[in-house]
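> Letter by letter, the chains look like this.
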Amino acid sequence: MYAAKLCDKPTKKKTPVTIRTLLNLAKKQPMLFTKGSHAEVIEAANKCWKIISGLKVPLASIEKRRHESLAHLDANSVMNPGQLKHTAPLTLADLEKIFEGTEEILRSMDRFFTGLVGEIIFLEQDDYRAVLRIAADAKRSATRSASPKQPRPTAESE
Amino acid sequence: MAELKPHLLQIMNGLIEEVRFGKAALRIAIGLNYADPDAWAVAPLFFGLAPSKSGSRTDVRSEVV
Chain A
422 MYAAKLCDKP TKKKTPVTIR TLLNLAKKQP MLFTKGSHAE VIEAANKCWK IISGLKVPLA
482 SIEKRRHESL AHLDANSVMN PGQLKHTAPL TLADLEKIFE GTEEILRSMD RFFTGLVGEI
542 IFLEQDDYRA VLRIAADAKR SATRSASPKQ PRPTAESE
Chain B
1320 MAELKPHLLQ IMNGLIEEVR FGKAALRIAI GLNYADPDAW AVAPLFFGLA PSKSGSRTDV
1380 RSEVV
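Chains as they are written, first to last, in the numbering used here: chain A, 422 to 579; chain B, 1320 to 1384.
Hint data in this document are derived by calculation from the structure and do not stem from the laboratory.
Glycine included, each C-beta is placed from N, C-alpha and C at the ideal position.
Careful: at least some of the hints might be erroneous.
Computed from the model, here is a short list of chain B residues facing chain A with C-beta under 8 Å [to be verified]: (1) E1322; (2) P1325; (3) F1340; (4) R1346; (5) G1350; (6) N1352; (7) D1355; (8) P1363; (9) G1367.
Over 12 Å on every C-beta distance to chain B, these chain A residues come out as not near it, computed from the model [claimed, not checked]: (10) H459; (11) K477; (12) D495; (13) I541.
The shape of chain A in the complex, shown without the other chains (with noise of 0.2 Å):
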């Protein structure tokens, strides 16, 4: 979802925000980007805009299954539920994909406005390892004191 909002579409009602609206604003207005030439700015705002090309595949993917699944339930979604991996097949490698191209397109954009964005995450964003290996952990030890204890060999038995 988070995906589909960046790069949602407007529609006759909603005009969302979105890297669209930031590429159109740069090139009706490029004077707002006081850090470079209007040249310059719609010149970065072209390039982006291949980058969004560029992904168009996976968008639609996303785009289908924004509609069908995520934000509203379809009949066809509810009759064929296993359907959308077919007409709008998407894998975590393109999630990533597009995440990287949004950040690129942001961070390339604000070179003429701000010119303090870096990478753009979370500090502690690998925080969820430490309840998976506590979980682990936890269902080992529960695994081995509810097995049999063996008896310990004596001297005499060795």
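We have chain A already, so just place chain B on it with the hints.
What follows is chain B alone, placed relative to chain A:
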């Protein structure tokens, strides 16, 4: 009703926030995808549903989401 028009800083901040949350959700989905089976066995329903925000839904353990 007049259409609301956010200014550039608000647009940038809004989009950056979406990328930040999206990347974190995706990273968690990928992490769960390759998690130790012992961890999954503790709460398979919870771990199965946790990454649903990234759109992975029920087939989170497969490469295709």
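> Does each hint fit the structure? Answer for all of them.
Outcome of the hint check:
no.: 1; hint: E1322; in the structure: 7 Å, holds
no.: 2; hint: P1325; in the structure: 6 Å, holds
no.: 3; hint: F1340; in the structure: 6 Å, holds
no.: 4; hint: R1346; in the structure: 6 Å, holds
no.: 5; hint: G1350; in the structure: 5 Å, holds
no.: 6; hint: N1352; in the structure: 7 Å, holds
no.: 7; hint: D1355; in the structure: 4 Å, holds
no.: 8; hint: P1363; in the structure: 11 Å, violated
no.: 9; hint: G1367; in the structure: 14 Å, violated
no.: 10; hint: H459; in the structure: 15 Å, holds
no.: 11; hint: K477; in the structure: 18 Å, holds
no.: 12; hint: D495; in the structure: 14 Å, holds
no.: 13; hint: I541; in the structure: 5 Å, violated
Violated hints for the displayed structure, listed by number in ascending order: 8, 9 and 13.
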